[in-house]
Amino acid sequence: ASVMNQREDLVKQNLSYQQELANLKARFQENASAWGREKAELMTKINDIDRPVYTPRPRKLEPI
Numbered sequence: 001a002s003v004m005n006q007r008e009d010l011v012k013q014n015l016s017y018q019q020e021l022a023n024l025k026a027r028f029q030e031n032a033s034a035w036g037r038e039k040a041e042l043m044t045k046i047n048d049i050d051r052p053v054y055t056p057r058p059r060k061l062e063p064i
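Numbering (full-length UniProt numbering), first residue to last: 1 to 64.
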């Protein structure tokens with residue numbers, strides 16, 4: 001009987017580990033997508049900083 005109890009305990013433990021793993025995986029995916037959005041925002045801000053505010057248009061050469 002104790003072998004069966006031990007087996008049941010292991011099965012229950014395995015199930016709870018699988019559930020915990022699924023939860024961690026879901027949280028990781030949420031974090032990854034949040035980090036992706038944050039990275040995109042930061043890249044946009046960096047590009048805005050690098051881009052000069054006023055870019056003069058190249059003047060067309062007037063025909064002589």
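Worth flagging that the hints you see were computed from the coordinates, not collected in a lab. Be careful, since some hints might not be right.
[To be verified] Result set (SDA-like, lysine to any residue): computed pairs, CA atoms no more than 25 angstroms apart in a straight line: (1) Lys45 <-> Leu24; (2) Lys39 <-> Arg27; (3) Lys25 <-> Asn14; (4) Lys45 <-> Asn31; (5) Lys60 <-> Ile46; (6) Lys39 <-> Gln29; (7) Lys45 <-> Ala22; (8) Lys12 <-> Ala22; (9) Lys45 <-> Pro63; (10) Lys39 <-> Leu24; (11) Lys25 <-> Lys39; (12) Lys25 <-> Val11; (13) Lys25 <-> Trp35; (14) Lys25 <-> Asn47; (15) Lys12 <-> Ala1; (16) Lys12 <-> Ala26; (17) Lys45 <-> Trp35; (18) Lys45 <-> Ser33; (19) Lys39 <-> Arg57; (20) Lys12 <-> Ser2; (21) Lys25 <-> Glu38; (22) Lys25 <-> Leu10; (23) Lys25 <-> Gln13; (24) Lys25 <-> Lys45; (25) Lys12 <-> Leu24; (26) Lys12 <-> Arg27; (27) Lys12 <-> Lys25; (28) Lys45 <-> Arg57; (29) Lys60 <-> Lys45; (30) Lys45 <-> Arg59; (31) Lys39 <-> Phe28; (32) Lys45 <-> Ala32; (33) Lys45 <-> Leu61; (34) Lys60 <-> Ile49; (35) Lys25 <-> Arg37.
[What the hints assert, rightly or not] Derived Cβ-Cβ restraints for the label pairs, each shown as a range: (36) Glu62 <-> Asn31: 43 to 49 angstroms; (37) Lys60 <-> Glu38: 39 to 45 angstroms; (38) Leu21 <-> Arg51: 52 to 58 angstroms; (39) Glu41 <-> Pro63: 42 to 48 angstroms; (40) Gln13 <-> Ile49: 51 to 57 angstroms.
All values derive from a computational prediction rather than experimental measurement. Note that the Cβ used here is the ideal one computed from N, Cα and C, for glycine as well.
Item to check | Satisfaction of hint between Ala32 and Lys45, Cα-Cα up to 25 angstroms | outcome: 20 angstroms, holds
Checklist entry - Hey, Lys25 versus Lys39, does the alpha-carbon distance stay inside 25 angstroms? => result 21 angstroms, holds
Checklist entry - Would the pair Lys45 and Leu61 pass a check requiring their Cα atoms to be no farther apart than 25 angstroms? => result The given pair, whose Cα atoms are some 35 angstroms apart, is violated under the 25 angstroms limit.
Checklist entry - If you draw a straight line from the CA of Lys12 to the CA of Ala1, is it 25 angstroms or shorter? => result Holds, because 17 angstroms separates the two Cα atoms, which is no more than 25 angstroms.
Checklist entry - Going straight from one Cα to the other, do Lys39 and Arg27 come out at no more than 25 angstroms? => result Holds, at about 18 angstroms.
Checklist entry - Is the gap between the beta carbons of Lys60 and Glu38 within 39 to 45 angstroms? => result With a Cβ separation near 43 angstroms, Lys60 and Glu38 satisfy 39 to 45 angstroms, so the hint holds.
Item to check | Straight-line alpha-carbon gap Lys12 to Arg27, limit 25 angstroms | outcome: 23 angstroms, holds
Next on the checklist: Check the hint pairing Lys45 with Trp35 against an upper bound of 25 angstroms on the C-alpha distance.
Outcome noted: Since the Cα atoms of Lys45 and Trp35 sit roughly 15 angstroms apart, the hinted pair holds (cutoff 25 angstroms).
Item to check | Distance restraint between Lys39 and Arg57, which requires alpha-carbon spacing of 25 angstroms or less | outcome: Roughly 31 angstroms separates the two Cα atoms, so the pair is violated.
Next on the checklist: Assuming the hint says 52 to 58 angstroms, is it satisfied by the Cβ distance from Leu21 to Arg51 or not?
Outcome noted: This hint is violated: roughly 44 angstroms between Cβ atoms.
Item to check | Straight-line alpha-carbon gap Lys45 to Ser33, limit 25 angstroms | outcome: 19 angstroms, holds
Checklist entry - For the pair supplied as a hint, Lys25 and Gln13, is the alpha-carbon distance within the 25 angstroms limit? => result 18 angstroms, holds
Comparing the model with each numbered hint stated earlier shows that hints 1, 5, 7, 9, 14, 19, 24, 29, 30, 33, 34, 36 and 38 do not hold.
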